[in-house]
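Asker: Now for the letters of each chain:
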Amino acid sequence: MLVVRDLVKKYGDFLAVDHLNMEVERGQIFGFIGPNGAGKTTTMKIIATLLAPTSGRVVVDGIDVFKEPIKAREKIGYMPDFFGVYDNLKVMEYLDFYGSAYGIEYRERRKIAEDLLELVDLSDKKDAYVDTLSRGMKQRLCLARCLIHNPELLILDEPASGMDPRARAEIKAILKELKRMGKTILISSHILPEVAEICDSVGIIDRGKLVVQGSVEQIIQRMTGRTVVRIRVLRDMDRAISLLKEQPMVTGVVQEDQELEVACKGSDEDLWQLLRAFVSSDVPVVSFRKMEGNLEQIFMEVTSDEEMAL
Amino acid sequence: MKRWLYNPVLASSLKTRMRGWRTAAAVTAYLGVMLFIAYIFFKISVENGVMYYLSFSSSGLAGLRVYLMLAVLQFALILLVTPAQTAGVISSEREMQTLDLLLCTKMSPLSIIIGKLLSSLAFILLLIISSIPLFSLVFLFGGIAPEDVAILFLFYIITAFAVGSIGIFYSALFKRTVVSTVVTYITIFFLGIVSVVLGAYMMSVHYSQVPGPTDHYIPFILYINPAVGLGDLLARQAGDPTTNVYYGILGLFFGVSRSLGSPQGWFQKLPLWIGNSAVMSGIAVLLLCASAWVIRPYKRLRRKS
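From first to last, the protein sequence lines stand for chains G and B. Quick note: the first sequence, position 53, residue 53 per the numbering used here, numbers continuous. Here the numbering used here = 1-based position in the second sequence + 310.
Heads up, a few of these hints could be off.
[As the list claims (entries may be wrong)] Cross-link-like lysine to any residue pairs, in silico, SDA-like; alpha carbons within 20 Å at most: (1) G:K125 x B:K485; (2) G:K71 x B:R606; (3) G:K265 x G:L275; (4) B:K325 x G:E105; (5) G:K90 x B:M406; (6) B:K416 x G:E68; (7) G:K10 x B:Y608; (8) B:K416 x G:G84; (9) G:K111 x G:K126; (10) G:K90 x B:G373; (11) G:K67 x B:D410; (12) B:K416 x G:Y102; (13) B:K325 x G:Y129; (14) B:K416 x G:L51; (15) G:K67 x B:G342; (16) B:K325 x G:Y86; (17) B:K416 x G:F66; (18) G:K67 x B:K485; (19) B:K416 x G:E194; (20) B:K416 x G:K126; (21) G:K67 x B:M406; (22) G:K67 x B:R606; (23) B:K416 x G:Y129; (24) B:K325 x G:E194; (25) B:K325 x G:M92; (26) B:K485 x G:D81; (27) G:K172 x G:R207.
Bear in mind the hints are in silico, worked out from the structure with no lab data behind them.
The shape of chain G in the complex, shown without the other chains (with noise of 0.2 Å):
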């Protein structure tokens, strides 16, 4: 369904987007995972028709999206990691707007927008303004915005960013009955676990590569026998950093509020180290947990050196 061939993207001298290659399959749930700035929105809004790449190729269901932008667009619907708003319009207008910029006919746009709104589950609130909705709501319309046109391929920019666990429950069951609807969906997140709980295939992308690819399944087999460690520390941040990167077995550090997440080689002999170098340097350690092999243990393996960057 989506081929994407040697894709560059360059801004001056800086390489957005480097050589990616990637394919997803028709019916599939792609996820695009990688940390702030490695060049998700960038490689999606070329596949969008949005942006013109410095090289390289992307099809869509056959058509070269460079060549033939207008026809790709009618098999693409793409939703941004920013909502916008427009003042004044309500749900169904606003639906409505967008059916008839993608040239379908009244009628037929009013009842295919009914049909979006009962699958987003906002059919009761066709009628409030789209800038009184909650963020929750405003994602599921923006998802049946993309869906007017019924397109094949959704390209969807982080869709889960910044709402609560129910919403973004609701947001994963509407995906799950798309891929039943036979749509295949392109996934952005940095949330790693997440999305590859409703994911078939992901690719990890780290400064403009993609530098892993496969189902959920290889890429655990391949990337097993690491540790992830998440420190809670009281204060002193910058100094638990330093002396994180100064230990050998730690291979990736993230940095969330006062939390660190820290990737590990090694036993649990290493680990009883790591906790001892911390204590015995007088950093007040508060919490030191043990977490369970999962993707997001690959995904902090596969950035590490930029994460390190802190």
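Position chain B relative to chain G; hints supplied.
Answerer: Using the frame of chain G, we list chain B on its own:
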């Protein structure tokens, strides 16, 4: 509506624009300003004892005077309001990140630009139409025919189209609405003031180099100034500007264009305001095409491939 005539951006804007109090408040404020200034004008005229013009024999002149004042006032307000209406239409879409959503639909960049311009012009048209009752006061005095008002309103629409295109162009060019608005107003200032000064200087240099005013010379820069076109139009509607001091500077360019030498070629033979409208419209069309080019996602690809 015919498919090719239907513009989703315009249709949506027309549907939603009149919602809420904002548009009604804007129209009320606009007419309020016009009415207030017209009232002050009348009051000063009465206090200065110029009621002579309101006598039966001179009521036509009084009507003309009120008409000229309203015409210039409305023109100034259009120059003030149009950039505010247009200079943010594309940049605000970019700021709200909705431009990408529009560009990945079947709408072409040019149809998006035209839809945005027409929806802004629709509002200007509403202001112009809502001022008709105020203008109709002129007919109480006489001196001005309804077709004069119709032609004036046509000139307003052409001016709004031209000024609106400048706003749209900068809005497409600059990412931030604040920047595009400021640059649009600076451009309007240049068109309105600097072009007149420059044009007058060019004319004085030109005529100082020839023994007498034997040739017809109007610098091109004056054709891009809508105020010059308005001056010419009003002077023509008012009669011979050289015999009536009350028309003041409005008649200057008409006087210049008519009294100096004989026009050569079809363009120079056209009334200045028509030439002015044609040049402004031509530039506006070019600016709209340029705006569409600027927002096209694939412009760089074609150059590189």
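Asker: Against this structure, judge whether each hint is valid.
Answerer: Status of each hint after checking the structure:
{"no.": "1", "hint": "G:K125 x B:K485", "result": "violated, 33 Å"}
{"no.": "2", "hint": "G:K71 x B:R606", "result": "holds, 16 Å"}
{"no.": "3", "hint": "G:K265 x G:L275", "result": "holds, 14 Å"}
{"no.": "4", "hint": "B:K325 x G:E105", "result": "holds, 17 Å"}
{"no.": "5", "hint": "G:K90 x B:M406", "result": "holds, 17 Å"}
{"no.": "6", "hint": "B:K416 x G:E68", "result": "holds, 12 Å"}
{"no.": "7", "hint": "G:K10 x B:Y608", "result": "holds, 15 Å"}
{"no.": "8", "hint": "B:K416 x G:G84", "result": "holds, 19 Å"}
{"no.": "9", "hint": "G:K111 x G:K126", "result": "holds, 13 Å"}
{"no.": "10", "hint": "G:K90 x B:G373", "result": "violated, 48 Å"}
{"no.": "11", "hint": "G:K67 x B:D410", "result": "holds, 19 Å"}
{"no.": "12", "hint": "B:K416 x G:Y102", "result": "holds, 5 Å"}
{"no.": "13", "hint": "B:K325 x G:Y129", "result": "holds, 14 Å"}
{"no.": "14", "hint": "B:K416 x G:L51", "result": "holds, 16 Å"}
{"no.": "15", "hint": "G:K67 x B:G342", "result": "violated, 54 Å"}
{"no.": "16", "hint": "B:K325 x G:Y86", "result": "holds, 13 Å"}
{"no.": "17", "hint": "B:K416 x G:F66", "result": "holds, 15 Å"}
{"no.": "18", "hint": "G:K67 x B:K485", "result": "violated, 27 Å"}
{"no.": "19", "hint": "B:K416 x G:E194", "result": "violated, 33 Å"}
{"no.": "20", "hint": "B:K416 x G:K126", "result": "violated, 24 Å"}
{"no.": "21", "hint": "G:K67 x B:M406", "result": "violated, 29 Å"}
{"no.": "22", "hint": "G:K67 x B:R606", "result": "holds, 14 Å"}
{"no.": "23", "hint": "B:K416 x G:Y129", "result": "violated, 25 Å"}
{"no.": "24", "hint": "B:K325 x G:E194", "result": "violated, 41 Å"}
{"no.": "25", "hint": "B:K325 x G:M92", "result": "holds, 13 Å"}
{"no.": "26", "hint": "B:K485 x G:D81", "result": "holds, 19 Å"}
{"no.": "27", "hint": "G:K172 x G:R207", "result": "violated, 27 Å"}
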